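Colleague: Chain residues, written in single-letter form:
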Amino acid sequence: MFHALVAVKQVPDTTNIRIDPETGNLIRQGVPTILNPYDAHALAAAVEWKERLGGRITVLSMGPMSAISSVRECIELGADRGIIASARQFSGADTLATSYVLAEMIKRIHEKDPISVLLFGKQAIDGDTAQVGPGVSIRLGFPLITYAVKIHEINLKEKTLVAERKSEQYNEVIQVPLPCGITCEKEIASIPYASLPNLVHSLKYEPEVWTAEQPIAFPPDQIGIKGSPTTVFKTTQPELHTAGEVINTADTGVAPAVKTAIEKIEAAGILDMPEGCA
Amino acid sequence: MIRRFWVFIEQVECTAHPVSWELIGVARRLADQVRDEATSAGDTVVVEAVVVGKDVKAVAEEGLQYGADHVYVVEGEVFAHYRNQAYARALVMVVQKYKPEVFFIGATTLGRDLAGAVATSLGTGLTADCTRLEMGEVKEGAGKLLLATRPAFGGNVIATIVCRTHRPQMSSVRPRVFPMPEKVSKVKGDVSYEKIPIKEEEIGAKIVRLIQNEAGSAKIEYADVLVAGGRALGGPEGFNLLKDLADVLGGEVAATRPCVDAGWISVDHQVGQTGKTVRPKLYIAAGISGAIQHKVGMQDSDFILAINRDPHAPIFEVATLGIVGDLFEVIPALIQQVKDAREVQHA
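Just so you know, the sequences run in chain order C and V. No gaps in the numbering here: position 17 of the first sequence is 17 in my numbering, and each next residue is one more. Numbers in my numbering are just positions in the second sequence, counted from 1, shifted up by 1000.
These are computed hints drawn from the structure, not numbers from a lab. For clarity, every value in this text was computed on a predicted model and none was experimentally measured. By construction, the Cβ of each residue, glycine as well, lies at the ideal position given by its N, Cα and C atoms. One should not assume that every hint holds.
Said to hold, decoys possible - Stretch-level coverage of chain C by chain V, calculated; a stretch enters the list once three of its residues show a Cβ under 8 Å from a Cβ in chain V:
id : region
1  : 91 to 97
2  : 109 to 116
3  : 126 to 137
4  : 144 to 152
5  : 216 to 222
As the list claims (entries may be wrong) - Not close to chain V: a few residues of chain C, all C-beta gaps over 10 Å, as computed:
id : residue
6  : 32
7  : 50
8  : 51
9  : 56
10 : 65
11 : 69
Isolated chain C (complex conformation) (with noise of 0.2 Å):
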């Protein structure tokens, strides 16, 4: 039977993040969480797939007690199960711990119910390092399709998947056996519209949760701060810019404003511009 496993974060909608002049500090309040936009498409092509294969989704995301709402919008969108884990020793990890984390604990729902195929969104909106999905996946020994854009077929019976990755030069369509992992671009799926029944259903749906203690015993020191090579040293602020002048073209017209930008333009040296351009 299909069974997809949806790797999902909660995060910081980092369009509407501001930063506090005075301090320097990220202003999280009232900063929106919203479920990463490409897990989401990763949700929805295991969706798509439901629907023609049956079988069920189980959403697996790790962060604090808040992201129940980024779960229950993975039930909402047709997820059958959602487990968040959530402990305040697994904070602070890196993507080493953090894939450690998720690879122990799909290991454990593999065992009792095998995956066919394992989601994640290409990167999370706030991290933006891309590097979790491939670590799960080198972990459980599952051959890997990053950036997938789409999948062309999954054969249950032969225990393969087909899917179309792009890269600089190519379209590559690769066969992987199952059970293996994928991470999604945005063009994989479209997200569904929620039906009536999983609406009302995602309302009270309560997922379980997994601690570092249960059900799987983690040991202290490979997750969470502890179990990350890597720490943050510092942190600043971007560099500002200097603004150069502005024309306004109601005051000057347009075909003025753009002999002025050619003028200054050519003037830097910048380009080989056609001489007496301007």
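Place chain V on chain C using the hints.
Modeller: Below, chain V without anything else, positioned relative to chain C:
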């Protein structure tokens, strides 16, 4: 002890990705930063590279020309086309054998796919998409570590990451973040071959077919001129206008994430935090408001010309020159004036 600064040379069909050479330049600069420390400890410092593929000797030799002291070559039929499992296995084995201190991989589609797998297998730290790299002390007298700096939270914060005890200290770096080094006048290094025992049967992934990206598939990282559009274009046809200007100036068309998300243009044109980093000589930002996620991908361009109707658009904060006005008037005027000038010149 030999302190090794390593670079992965990315190649496809025996053509190296230029980011490989940019990284050799970085590795050389960082190696120089620890030279005194190493000399006083009786250590030597070397810049080395590793290339995996089929018949890639010429690529390895090119690595020497860009300043590598040595290039390790892993060759075989199983490496003919990139596959994560095969390449990751090869890199893990050579890293375990030579134990480099620092290892850089280009943050391309291929490199990102590979770096995460290699770092996890080695159980070491990896910092993605670094924009600044230095060797420096975190604790006085404790020896220099790699200080890997990158934007986080969509570019709102710049974080410096260290990997204190695990080796190698790994970082991925986007193309065009660091300059291309000059070729050395006289090649000193040499090439050696590593045998990696791996059979085709051990690799799960099979390439079913390769579809060459359509001609004109955007190579925006290396264009001298980019004409980029934002949401104010109003739809996919807006990019036709930008293409006309790009053609006149000999450049390429780029875009912000909302345009890509809306399906107006393909993702290979996307500039910014989740797209590509560019630093062309001329960046024309048309109808782009200038969200920080976009600015981190283009603010190091030599000349930024911003065109926006809103005089308060944040894009003007990074622009060399701003024009407040309607892009549908300004861009055609730009095209016309450049064309007119060429006709005068040719007359």
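Colleague: The structure should be examined with respect to each hint, and the outcome stated for every one.
Modeller: Here is how each hint holds up against the structure:
Chain V is given as covering the region 91 to 97 of chain C, and this holds because 3 residues of the stretch bring a CB closer than 8 Å to a CB of that chain, at least three being needed. Residues of the region 109 to 116 of chain C with a Cβ under 8 Å from some Cβ of chain V number 0, which does not satisfy the need for three, so the listed coverage is violated. Counting residues of the region 126 to 137 of chain C whose CB lies closer than 8 Å to any CB of chain V gives 11, so the stated coverage by that chain holds, three being the minimum. Counting residues of the region 144 to 152 of chain C whose beta carbon lies closer than 8 Å to any beta carbon of chain V gives 4, which meets the minimum of three for the stated coverage.
Residues of the region 216 to 222 of chain C lying with their CB closer than 8 Å to a CB of chain V number 0, which falls below the three-residue condition for coverage. At roughly 14 Å, the least C-beta separation between residue 32(C) and chain V is larger than 10 Å, which holds for a residue marked as non-interface. Every beta carbon of chain V lies more than 10 Å from that of residue 50(C), the smallest distance being close to 23 Å; the non-interface claim holds. At roughly 23 Å from the closest C-beta of chain V, the C-beta of residue 51(C) stays outside 10 Å, upholding its exclusion from the interface.
Distance to chain V confirms residue 56(C) as a non-interface residue, since its nearest Cβ pair spans about 24 Å, more than 10 Å. Listed as outside the interface, residue 65(C) is consistent with that label: its C-beta sits roughly 21 Å from the nearest C-beta of chain V, beyond the 10 Å cut-off. Residue 69(C), annotated as away from the interface, keeps every beta carbon of chain V farther than 10 Å; the closest lies near 20 Å.
Hint check: violations occur at hints 2, 5; the rest are consistent with the structure.
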